[in-house]
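K.L.:
Respectively, the protein sequence lines represent chains X, S, R and B.
Last residue of the first sequence: 318 in my numbering, with the numbers rising by one and none dropped.
Last residue of the second sequence: 1091 in my numbering, with the numbers rising by one and none dropped.
Last residue of the third sequence: 2561 in my numbering, with the numbers rising by one and none dropped.
Last residue of the fourth sequence: 3223 in my numbering, with the numbers rising by one and none dropped.
Quick caveat, the hints were computed from the structure, so don't treat them as lab data.
In this text the structure is predicted, and so the values were computed from the model without any measurement.
Mixed in with the good hints, there may be bad ones.
[Claimed, not checked] The calculated BS3-like cross-link candidates involving lysine-lysine, where the alpha carbons are at most 27 Å apart (straight line), are: (1) R:Lys2030 x X:Lys115; (2) R:Lys2080 x X:Lys110; (3) B:Lys3070 x X:Lys278; (4) B:Lys3124 x B:Lys3070; (5) X:Lys110 x X:Lys137; (6) X:Lys115 x X:Lys137.
[Stated by the list, open to error] Derived Cβ-Cβ restraints for the label pairs, each shown as a range: (7) S:Ala1072 x X:Val262: 45 to 55 Å; (8) X:Gly133 x R:Ile2147: 46 to 56 Å; (9) B:Tyr3132 x R:Ile2140: 34 to 44 Å; (10) X:Thr38 x R:Gly2137: 42 to 52 Å.
For each residue, glycine too, the CB sits at the ideal point set by N, CA and C.
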Amino acid sequence: MIALGLPPEASTIAPRVDLLLYAVTIVTGGVTIAIFVTMIVFGIRYRAGSKVKRAENVPEAQARARRRVETAWTLIPFALFLASFAWAARLYMVRADAPANSIELFVVAKQWMWKLQHPGGQREIDEMHVPRGQPIKLVMTSQDVIHSFFVPAFRLKQDVLPGRYTEMWFTATQTGRFHLFCAEYCGTDHAHMGGDVIVMEPAEFQRWLNAHAAAQSMAARGEDLFRHLGCSGCHGENASVHAPNLAGVYGRPVPLSDGTTVVADERYIRDSILLPRKEVAAGYAPIMPSFTGQIGEDDILDLIAYIKSLASTKERPK
Amino acid sequence: MTHSRVRNYVMTWIALLVLLAITCGTSFIPLGRYNLAINMAIAIAKALLVIVVFMRLFKSAPMVLVVAVIAALDLAILVCLALPDFVVRGW
Amino acid sequence: MSILTTGLAGDVPPAHSVRVETPSNYLNAKFTIGSWLATHDHKRIAILFAVSITAFFFIGGAAATMIRLDLATPAGDFVKAETYNKLFTMHGVIMVWFFLIPSIPATLGNFLVPLMIGARDLAFPRLNLTSWYLYVGGSIFTIVAMIAGGVDTGWTFYAPFSTMFSNTHVIYVLAGVFVVGFSSILTGLNIIVTVHTMRAPGMTWFRLPLFVWAQYATAAILVLATPVLAMTLVLVTVERLFGIGIFNPALGGDPLLFQHLFWFYSHPAVYIMVLPAMGVVSELIAASAHNPVFGYKTMAFAIIAIAVLGFLVWGHHMFVSGQSMYAGVVFSFMSFLVAIPSAVKVFNWTATLWHGRITYTAPMLYALGFVGLFTIGGMTGLFLASLALDVHLTDTYFVVAHFHYIMVGGTVSAYLGGIHFWWPKITGRMYSDRWARFAAILLFVGFNFTFFPQYLLGIAGMPRRYHAYPPEFQTLNVLSSAGALILALGYLLPLLYLGWSLFRGARAPANPWDATGLEWQTPSPPPVHNFATPPVVTEPPYAYRMAALTRDVVDAREGTR
Amino acid sequence: MTSANATIGAVHEATLRVAAQFEEAPQQVHAAKLGMWIFLATEVMFFGALFFAYAIARVQFPEAFAAASKHTNILLGTTNTAVLLTSSLFMVLAMRAAELGVRRATAILLVITALLGLAFTGIKLTEYVLDYRDHLVPVLDFSFDPRYAKGALVFFGFYFVTTGLHLVHLSIGNGLVLTFARRAWLGKPNTLADQVEIVGLYWHFVDIVWIFLYPCLYLVSRT
């Protein structure tokens, strides 16, 4: 195989991307070489002063050659391009569907560091520990400008935007330390906004998780916030205010007051906290205050984790 | 000939003012989404009246028509290729 | 045509004086500074543009040199991170807006379009001069702002970094670029109207040289895309100055709106840079091969197709930006489509050599360099149009290498080739072809040395706009920096021998290359109003006949020395 | 804007003889008209991008835009629309008069056009003052129902940017119209009708921009 200086293939998608890369390299390289060889041959053969036999009337000779040749060299590249497009597009679509058994990791980017949080509450900065062979889904947002989460060894990259969540998933296949870069220019220390992705054997990863166990899981922290911020005053069990019950809401369709329906995903929960009037659940008054400016991205992720945990236990929040 | 042209211009002007009255008037009637539709349809109608009658689009050189159509198409490209992204991003 | 001799205004020499010993031409008609700074002559305005863009090219090149010096070591020891960011911003802003975009349209296009279509000037000469003043005013203003304080947003001005987080002179630079944008629009408008209304009798659309077709298509893009950039810059300014949430989500804006608007301009802008280069190269190859361009009409339609499709592909800059996946698929497909007319052009240039009588003069070497580098740049563009590959390659050095192959390897090679080809026409002097060929080869070698390693860096995963990098990337970076030194030398060389030729070069004949085209039928340099008698066109373009080739061009040129 | 000036200027130069670069007058007139239309095409893209940004913001804050729109002055806004439409009528009548070679009438009609343009400007500035009194000017003095404050700020940001840019264009148009009114009154250029038509194209375009601004700013929600 050609080397091309690719980084190690450390994710399930990496060899598939590389195969496509080799294929496209061979095709485009072949065409390029063919063009160059033709140019050199013509260039030598038809140099001024060479005695080679030339057509009496070049425009006419060209006109004759044109019909077939031009059609051929329009259609053949077109077919090759279509094939390449379809292959690459299919592989791109794979990025969108995280397997159902993925573990979620939460990433908050800020100038100029990556903050990560595991569901169990373990926090990391500029490092990401993940187990080998386990699909991981990253839910990412930024506190300031646009960043981009780039792991060359996984052949994956996704911009991280302020004000919304972007996602990316992977399954690591090789243990070791790999580069993590910020790939979208984000200011002075852009070049230093990076770190390491550390892929470990699952058992070893479990040991790491235990060693770094946090006092509280994300959901537990979210539950505390839920009470301290006064969310439970309306959404809680004994609330007198008419507010939606959040148990089991995650992942379900929510009918809205304007007649449309949205799925209660991370984005919906986040927007409901920050922009509560944007999508009001049907049957409820738009009375929730906005929490814009009062809580950070980390807190929102904790709250989301808490609301998600309610989805599985089906218990009404206290 | 002259008078008929001037009359055309005056009639167009009256039509523009009538359209203005309609768009302003209907906006006080709650029609939900149709308010927006009416407003935009009337704005486009008014713009077309101005372009065709006052700017004499079809009486100018053919190239002028081409320029106008290309400008409209280019704007359509911007809207038609960018707007769907904002709509379907959540999918 | 009969009103010609009586209807002329002002300082037009009477027709008979053109044939005397020291012919009156546009250069020696007047010598005062005022006669240059207030000129309405498209040829003089072209030279004003050429001098100013050359100055900006070397300022931008100096920034690039410092960038490459800094990247010679992994820690980036040469300058601080802030300085590095300001340097690459300066390099990008200057090279894109103050060099590449005006490069061919405002210099060679300005000079040659009226000559090639047989007109006395552009349709709006005063507008043409206004365009130059806007350009110089805007770009000097920007450069002062960039040197006095600097800007660290990158030439892309991505929001919300540019609107809320950068602490540098963003507003001034935006204002300067805005003004230069108007210059582009005016030049474009002028060229479109000129091609439509001022063609000589017999100069039908399918007798236009491909250079004119390319300028025409470019002008259309300038006119239609630049205003969107102008509005985007206005909106960035509004958000930055007044805190109105347009792009920054914290204020209620949408950062992808900025990217859509910006790339709606900036992708077509790539074609603003490369289409004129394609036009130049078509002329150069046909003249040097003494052969009609293969598939002339196909080439003309390909130019138009590229210009149109260029408006439909901007989203391929945003495959990992958080844009909808479906939008990504659509934009990827469009990007593959735009590759087809580009590929057809390369094939047709190659086929133009077939049955030719090729002379390897300096312009031809530049043109062949263009075809080679453009081919590599275009082919690597297919990697970036392929969605899954782009996910890995975007925002890495692969992208940097790709667009430098197109814009520097392509456009700058073509620009230099064009300058060499029409130099005798513009200045009336010949230059040393030996030195020129040497420079062309040096540039080709230096270019590949500089930028090919960057493809490998990108594949290996080195992100762009990095002031420091992990040590395993050093070897390739050092190679690239070493190549940059060769490249810098290659760019300085033409200044020397072309400068020398201005004073010591042999007088150029009207048609030193034995080329077709109306511009070669008037003396070198041309008279103020271009043609002593208005030309009438009776032939298709590139009517290189076998009979005309019996006279060996090289001998003809030797005879002039 | 400069192009408008210079395009029209190029035509004016040719009152008695054709400018040096042209062969004959019709060619020159065609070039000038085409030039103005192409300039308007760039203006379409310029304002088009602005309207597009507005649309995206409005989708983001539908309720706030509705609430903010209620605070615009519909009486003055509608009056102004009528004033501008009427000015376009006088502009086109001036062009007709010029075609018929009635110089004085042309000049008078152009002056009326410009007066209507100035009336528009006056009303618009009055509106700005009233907006300031209502605390609706971002940066200077802005306060709004806190439920909608964020979106309303964006709305009024667009309100001032769009109307401001429109006003700049209109003022340039006013200057051009008055210049040509003076020329029509003083001399008798033989291409007067073409010149007035070209100024008219610009004037009508500015009118069209307002035709779209009016519902976007004043009529988002009135119920």
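K.L.:
Indicate, hint by hint, whether the structure satisfies it.
P.N.:
Results for each hint:
1. R:Lys2030 x X:Lys115: Not OK: R:Lys2030 and X:Lys115 at ~68 Å, beyond 27 Å, violated.
2. R:Lys2080 x X:Lys110: Satisfied, since the Cα-Cα distance of roughly 21 Å is no more than 27 Å.
3. B:Lys3070 x X:Lys278: 19 Å, holds
4. B:Lys3124 x B:Lys3070: Holds - the C-alpha atoms of B:Lys3070 and B:Lys3124 are around 17 Å apart, at most 27 Å.
5. X:Lys110 x X:Lys137: 20 Å, holds
6. X:Lys115 x X:Lys137: 15 Å, holds
7. S:Ala1072 x X:Val262: 45 to 55 Å: Taking Cβ atoms as reference, S:Ala1072 and X:Val262 lie about 34 Å apart, which means the hint is violated.
8. X:Gly133 x R:Ile2147: 46 to 56 Å: 54 Å, holds
9. B:Tyr3132 x R:Ile2140: 34 to 44 Å: 37 Å, holds
10. X:Thr38 x R:Gly2137: 42 to 52 Å: 48 Å, holds
Checked against the numbered hints above, the structure breaks hints 1 and 7 and satisfies the rest.
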